Amino acid sequence: MKIALIGYGKMGKAIEAMALQKGHQIVLKIDVSNAAELTQARADEADVAIEFTGPHSAVKNILQCIEFGLPVVSGSTGWLDQWSLIETECAEKNGTVVYSSNYSIGVNLFFEVNKQLAKLMDPYPDYNVSMTEIHHTEKKDAPSGTAISLAEQILENLGRKHKWTNDAASNPNEISIRSERIDPAPGTHVVSYDSAIDTIEIKHTAHTRQGFAAGAIMAAEFAADKKGIFHMKDVLGL
1 MKIALIGYGK
11 MGKAIEAMAL
21 QKGHQIVLKI
31 DVSNAAELTQ
41 ARADEADVAI
51 EFTGPHSAVK
61 NILQCIEFGL
71 PVVSGSTGWL
81 DQWSLIETEC
91 AEKNGTVVYS
101 SNYSIGVNLF
111 FEVNKQLAKL
121 MDPYPDYNVS
131 MTEIHHTEKK
141 DAPSGTAISL
151 AEQILENLGR
161 KHKWTNDAAS
171 NPNEISIRSE
181 RIDPAPGTHV
191 VSYDSAIDTI
201 EIKHTAHTRQ
211 GFAAGAIMAA
221 EFAADKKGIF
231 HMKDVLGL
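Going by this note's numbering, the first residue of the sequence shown is number 1, and it counts up by one from there.
Derived by calculation from the structure, the hints in this document are not laboratory data.
Bear in mind the structure is a predicted one, so any value in this text is a computation, not a measurement.
Ideal Cβ positions, reconstructed from N, Cα and C, are used throughout, including at glycine.
Take these hints with a grain of salt, some might be off.
[To be verified] Here are the in silico distance ranges between beta carbons for each label pair:
| hint | residue 1 | residue 2 | range |
| --- | --- | --- | --- |
| 1 | Leu120 | Pro55 | 14 to 22 Å |
| 2 | Asn173 | Glu45 | 45 to 53 Å |
| 3 | Asn171 | Gly23 | 26 to 34 Å |
| 4 | Asn173 | Met1 | 22 to 30 Å |
| 5 | Ala142 | Thr88 | 27 to 35 Å |
| 6 | Glu92 | Leu120 | 37 to 45 Å |
| 7 | Glu45 | Glu89 | 49 to 57 Å |
| 8 | Thr208 | Ala91 | 18 to 26 Å |
[Said to hold, decoys possible] Calculated pairs, DSSO-like style, for lysine-lysine (alpha carbon to alpha carbon, straight line, at most 30 Å):
| hint | residue 1 | residue 2 |
| --- | --- | --- |
| 9 | Lys163 | Lys29 |
| 10 | Lys60 | Lys119 |
| 11 | Lys226 | Lys163 |
| 12 | Lys139 | Lys233 |
| 13 | Lys203 | Lys29 |
| 14 | Lys203 | Lys60 |
| 15 | Lys115 | Lys29 |
| 16 | Lys139 | Lys163 |
| 17 | Lys22 | Lys119 |
| 18 | Lys22 | Lys163 |
| 19 | Lys60 | Lys22 |
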């Protein structure tokens with residue numbers, strides 16, 4: 001498989017190393033210094049793009065890939081207020097987009113546990129849910145995209161909560177998400193249900209970026225011959 005890497009920071013380099021180990025080719029590497037090289041001609045050299053940049057550039061990158069007919073796997077976070085634009089463009093131009101806030105296989109299994117736990121806790125209002133996420137100091141957005149995904153899953157399954165806040169909750173219908181930035185943490189997410197009697201807690205801790213890279217490559221292999229919008233849940237068959 002021929003891969004275009006859009007974003008060549010720590011994640012891009014981790015994806016490159018693992019892709020080469022798996023026998024794939026990197027035919028294009030785009031970062032802030034050569035963004036103009038993302039053209040139709042260069043896109044035609046690739047089977048799929050993997051996009052890990054940031055909220056300032058992700059939407060433009062994804063739209064360009066759709067325009068060029070290049071399936072794109074995006075892991076950029078902090079831009080989902082523009083998700084409807086991606087959906088519209090992808091449908092109108094018969095594009096391919098895989099999006100996840102986190103490509104770790106373990107995190108996506110954690111998502112399913114989170115949903116199920118929220119359903120189980122719904123009848124028990126004595127338990128108050130809160131969250132903590134820890135990332136490295138270069139992480140640009142807070143809370144993390146993964147934390148937002150976890151919070152939204154809880155909101156869908158726990159009737160007494162109606163919104164999340166990146167602060168101490170001032171209202172009983174809010175989920176408090178505490179964000180900490182500590183080097184060199186790749187990512188830790190904790191969901192806690194606390195009562196006066198006991199605490200139930202689920203936790204995912206990433207040890208390296210390799211888990212994210214492996215999942216992104218798996219998603220790229222999945223996307224190369226698909227049309228439409230997909231998520232990591234589709235890639236894993238969950």
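Go through the numbered hints given earlier and state which of them the structure violates, listing their numbers in rising order. 1, 3, 4, 7, 8, 9, 10, 11, 13, 14, 15, 17 and 18
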